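Here are the chains, one letter per residue:
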Amino acid sequence: MNERDEALRELVKRAAAGPADRRLKRDLWPELLRRIERPPVRASWWDFALAAALLLCLLLFPETIPALLYQL
Amino acid sequence: MTGASEAELEQFTRGDIRAFESLFREYQGEVYGWIVRVVRDPGAAEDLTLETFWRIYRARARFDPRRPFAPWSRRIATNLALEYLSRGRGEKPLEDDALQQGTPCSVADPAVSADLRGKVLAAVGELPAKLRAAARLAIIEETPYAEIADALGISINGVKSRVFRAVRLLRRGLEKRGVCP
Chain B
1 MNERDEALRE LVKRAAAGPA DRRLKRDLWP ELLRRIERPP VRASWWDFAL
51 AAALLLCLLL FPETIPALLY QL
Chain R
1 MTGASEAELE QFTRGDIRAF ESLFREYQGE VYGWIVRVVR DPGAAEDLTL
51 ETFWRIYRAR ARFDPRRPFA PWSRRIATNL ALEYLSRGRG EKPLEDDALQ
101 QGTPCSVADP AVSADLRGKV LAAVGELPAK LRAAARLAII EETPYAEIAD
151 ALGISINGVK SRVFRAVRLL RRGLEKRGVC P
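Residue numbers (our numbering), protein chains in the order written: chain B, 1 to 72; chain R, 1 to 181.
Treat each hint with caution, since some may be false.
As the list claims (entries may be wrong) - Listed next, the stretches of chain R that the computed footprint assigns to chain B, with coverage defined by at least 3 CB atoms under 8 Å from CB atoms of chain B:
| hint | region |
| --- | --- |
| 1 | 31-38 |
| 2 | 115-127 |
| 3 | 133-144 |
| 4 | 160-171 |
By construction, these hints were calculated from the structure, which means they are not laboratory data. In this text the structure is predicted, and so the values were computed from the model without any measurement. Glycine residues also receive a C-beta, built at the ideal position from the N, C-alpha and C atoms.
When you get a sec, could you build the whole thing from the sequences and use the hints?
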């Protein structure tokens, strides 16, 4: 490492010094626990039925695919 | 910090929420402290700490309780911090009109002015995420290379190489802004 690199490192260190407070100011456990206890999103039988119906429509009427893609 | 016992880690891998809470309470400060060193934003670091432990909890079955918990958690935290940086977060670069294009290079004053500080942070913010993380940890935080290498999952030479490239890019970024350190 040459002197110029050393000067640049020193400048960056001085410029960036300060704002990063490394102490956690609040307890994050309650938030994490809520996330853990949140029930996972599950698809109902109705979602599967709709998906199957859509697939069937696309198989029976493939000409609708471009129109559908255009709307997306 | 005493470190988690193997029994506690084994309970954690089996999904024991109390063991996980105990681990969380023991390591949350350390994980947060590490993340804030990389992203330098306390609010983002809190979110990333939560995400880190959420991922740790979901990956518990893959964890070997005979291995230490801290390096594993730090690796996950580092990956998340890098993802955050690569999404373009961190110091905001100065607007184009703030750049003094064509201004002759001035030698940096050791007493860093607000203007100079802004230019340096903008240049740091322009670095690619991996180089930015290495630069922050090595140059700003003066973290030992071995520790950085462990957290980033690369060799010490790999860290040196990233810091070297970061310094080169920083110099270029500062020169573009009329600063010649």
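Results for each hint:
A stretch counts as covered by a chain when three or more of its residues have a beta carbon under 8 Å from one of that chain; for the region 31-38 of chain R and chain B the count is 4, and the coverage holds. With a cut-off of 8 Å between beta carbons, the region 115-127 of chain R has 5 residues touching chain B; three or more are needed, and the interface restraint holds. Counting residues of the region 133-144 of chain R whose CB falls under 8 Å from any CB of chain B gives 5; the rule of at least 3 is met. For the region 160-171 of chain R, the assignment as covered by chain B holds, since 3 residues bring a beta-carbon within under 8 Å of that chain's beta-carbons and 3 suffice.
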